[in-house]
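Novice: Residue strings, one per chain:
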Amino acid sequence: MSAVIFFENLFQAVIAGLLIGSVYGLMCVGLGLIFGLMRVINFAQGEFLMLGMYGAFYLCTWFGLSSAVGPVIGAVFSGVLLYLLGMGLHKSLLTKATGIKVAGTEGEGHYPQLILTLGISLVLANGALILFGNTPLSIRTPYAGSAWELGPLLGDDMLLFFNKARTVALVVSVLVAVAVYQFVHRTRVGKSLRAAADNPAAATYMGIDVERSHRISFGIGAAITGLAGGLIASYYPFQPYIGLDFVVIMYAGVVLGGLGSMIGAFWGGLVIGLIQQVSTLFLPLQLQNAMIFLVFLLIILFRPQGLFGKNVERV
Amino acid sequence: MKLDQEPNLLRTIILVAIAYLAFAWLIDDKYYQLILTIVPIWAMMGIAWNVFSGYSGLVSFGHAAFFGIGAYTVALAMIGFNLSPWFGIPLGTLAGVIASVLVGYPTFKLRGVYFSLAMLAYPLTLLYIFEWLGYQEVTMQMVRENSWMYMQFSSQYTYIIVSTVLVATAVYVSGRIHASRFGLSLTAIKQNEAAAEGAGVDAAAWKLRAIMVSGAIAAAAGGYYAVVLIVVTPPSVFGMIASAQAMIMALFGGVATVWGPVIGAAVLIPLSEILHAELGNQVHGIHGVVFGLAIIAMILYAPEGLLPRVRDAWRRRSGAADQSAAEAARRTVQLPEVAAGAERPPIGDRIVLKVDDLSRAFGGLKAVSNVSFEVRQGEVLGIIGPNGAGKTTLFNLLNGFIRADQGSVQFGDNQLIGLKPNQVCRLGVGRTFQVVRPFPRMTVLQNVVVGAFAAEQQNDDRAVELARQALDRVGMLAHEKVLAGGLNSLELRLMELARVLAGQPQILLLDETLAGLGSEEIEVILAVIRRLADEGQTIVIIEHTMQAMVRIADRFLVLDHGSVLAAGKPAEVVRDPAVIEAYLGKKWMDHAKH
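These protein sequence lines map, in sequence, to chains A and B. Using my numbering, the letters of the first sequence correspond one by one to residues 1 to 315. Using my numbering, the letters of the second sequence correspond one by one to residues 1001 to 1594.
Incorrect hints may have been included.
Listed below are the simulated SDA-like cross-link pairs for lysine to any residue, each with C-alpha atoms no more than 25 angstroms apart in a straight line [what the hints assert, rightly or not]:
(1) 1109/B to 298/A
(2) 96/A to 1109/B
(3) 91/A to 1304/B
(4) 191/A to 298/A
(5) 1366/B to 1356/B
Computed footprint of chain B on chain A; a stretch qualifies when at least three of its residues, placed anywhere within it, have a C-beta under 8 angstroms from a C-beta of chain B [said to hold, decoys possible]:
(6) 125 to 135
(7) 161 to 173
(8) 236 to 248
Taking beta-carbon pairs under 7 angstroms as the criterion, some of the chain A residues facing chain B (in silico) [stated by the list, open to error]:
(9) 116
(10) 251
(11) 286
(12) 290
(13) 304
Hints in this document: simulated from the structure, not taken from any laboratory. This structure is a prediction, so every number in the text was calculated from the model and none was measured. The beta carbon of each residue, even a glycine, is placed where N, CA and C say it ideally should be.
Make a model of the complete structure from these sequences and hints.
Specialist: Structure follows, in structure tokens:
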């Protein structure tokens, strides 16, 4: 009997891990894409996620999107807003410390980029605090509190639940991740983005506007993570400082998958979600995040090239 | 002469501290007094960050780890053992040092971005662990009698005095580091780690020392922070904002300067605190916005920080004339006069370097295979061979950049295989690089001084002297104050040569020193090498310009596809049919017949 309960808990944790991990995977794709296509370490990615949450929240509230698909629509439009914000930030600030200007310089300009994006992150997080206040919010939908059931399995003893909001989020995450991958690898624009990433100077001589490519990449990266934020907002309470919790999750996922690889980033995020949920079986709730950071440290110390293969696939 | 003059450091510190305390004396308002207590604490954090990250270039996002450990040590020792913060702060400082070793040791193998990200995780992990341990909010108990023995003062002014003394100590430590081989070695590592290692700088040891000092200062700051605020919570001491603030103070004021972090704290902390006091009730988060905007503005408009910016502007106004004079003087390479009648000492019998059966493969490619040769005292050995023959790999094996698969390299009584480049250098094997590796943002003299540290392990002044002598030997003494980044390729080659010579090597390994130079410049370098040989210096030189080599080498070693093809006197080797066939080709054979 206790064995059945253990396995039920384990399976339930694995399901929860897959559901939440897929959204982690999507946000990691956003961060991984920015690194892969621009070679920029973006520290403000957590704040893009946070803004995506607020964006989705206010879109849903103002337009009364409370049906089942409402939050998804909110998240998608929130992603569009983040795309514009990302483009704007890139044009006004990031161009000063990225792209052609820093190619081939000391550390490829990572040092100023880290600091610049840290500054952006501080302004966005605290600006959001000023704008939105620090009361935790979440998007209330009928789906958030209900679940599809699987079972009974193993005779009558086991019943597994799929939270509806999370399951919808999983489906959307996978679809968006696949779409982005197809866009970057199959379309003409996507190929020019990759060319601009591989060798900015050569791409310029081939007539590619590297600055514009990077702007688009940064916008897309922000949009994807913002969209993921919108999806999570339908079942996760948030406040303006939440970006920091997630930025470490994102970096953990991206490093796990191999810095610069988009597919790797998705799997990395998924694995982080699984670790987080399964660890709840063994660890007190407060240590859940500590566990993620610890796993992150272990990965970065022992396999900085990522778990999935030795050669980092460049987007 | 000191390595980088910070004139009258101690006097400046005392004057600034007195001025600060005098200013604080005039302030009556309780809140402003609290700000004046906290400014030095964040200045210390800035200094802590700067001593490590500012000089070494390894950006730490995690200095809150040390800050928090210091704060919790003081608070928990007071609560649990009734231990006064007078002892708690030194204890916390010790804990900070231990933590820095535990953090530094595994994390130093990471580079660049990975290092920064890993550092981010340490304080955040600690944050959650401390919450889980039940230390969400720790309040130190009040002591009624003899409360000063527990650092509980009746007047806020006393807190300001302690704070000022602490920061003054930190500035002094950082000033001493700045003006010594400690700071210069770290700066060299930051600008080109391989070159620094090659010049005898033990990068791993210096980084570890730097993070220990840094961890100590940060923990002391955290400990006193706990004393001042009485209440300690994980987010306030381990949170991202504490790490970020440390970094921001240093960046804003000026990275790798002694006073930069202090200036950063003196400007930013009052600014954000006063804004917070005025608007804080309506507008939470104004702190973060101010800090964020400050570092964005800094990176965009003055990436070096405030202090260097102001200093440069000042220098430009006052010393523009001196600079152009130096500019004019620096264009001439002036070789010193040779004493008449000086003759080259004969090549000795003593074997300086004995390479035996040395091999190294990269995958299937045998870059160096079964190479054996000897170098005698005072000899100039030329190693020649076509591109890809394994010449540079051979040097990398000799000086420890690459590990050999097999073989031995005997240098005097020492086996070089298995040693790190800095150890090899300090034993007396100096090398230059095929692509020059300067420390671009240091002056020519500083570049060469880094090399001199290898020979002079104790006395910095003596190292400067050795560096000057080395510069004189290559005719570059007039350039000593010029930044290396502004040199032309001949000057860079000569500077690199001087950097090696300053380490007083018994044997010089020169890796294609003539590459990329015009014929007149080649003549200058050849004259310098010639002269070194005349002084009895043992030299191994890699080259593929045959004409130049015939003029300076006593003996040739010809490499092809990683193995020795021929060895002997230049005249014999160039007539060896195997050499002609493999490397020189028919054209040279015709040439040689004439």
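Novice: For every hint, state whether the structure bears it out.
Specialist: Tested hints:
Under the criterion of a C-alpha separation no larger than 25 angstroms, the hint pairing residue 1109/B with residue 298/A is consistent with the structure, at around 13 angstroms. Straight-line distance between C-alpha atoms of residue 96/A and residue 1109/B comes to about 30 angstroms, which puts the hinted pair past the 25 angstroms bound. Taking the CA atoms of residue 91/A and residue 1304/B, the gap is near 23 angstroms; set against the 25 angstroms cutoff, the hint holds. Under the criterion of a C-alpha separation no larger than 25 angstroms, the hint pairing residue 191/A with residue 298/A is inconsistent with the structure, at around 34 angstroms.
Note on residue 1366/B and residue 1356/B: the hinted pairing holds, with a Cα-Cα distance of about 16 angstroms set against a maximum of 25 angstroms. Given a C-beta distance limit of less than 8 angstroms, the hint that chain B covers the stretch 125 to 135 of chain A holds, as 8 residues qualify and 3 suffice. A count of 0 residues in the stretch 161 to 173 of chain A with a Cβ less than 8 angstroms from any Cβ of chain B is obtained; the coverage claim is therefore unmet, three being the minimum. Counting residues of the stretch 236 to 248 of chain A whose C-beta sits closer than 8 angstroms to any C-beta of chain B gives 3, which meets the bar of three, so the coverage hint holds.
The interface hint given for residue 116/A is met, as the beta carbon of that residue sits about 5 angstroms from the closest beta carbon of chain B, less than 7 angstroms. Nearest Cβ of chain B to the Cβ of residue 251/A: about 5 angstroms, under the 7 angstroms cut. The hint holds. Among the interface hints, the one on residue 286/A holds; its C-beta lies about 4 angstroms from the nearest C-beta in chain B, closer than the 7 angstroms criterion. For residue 290/A, the interface hint holds, the least distance from its beta-carbon to any beta-carbon of chain B being 4 angstroms, beneath 7 angstroms.
At a threshold of 7 angstroms, the smallest CB-CB gap from residue 304/A to chain B is about 5 angstroms, leaving the interface hint in force.
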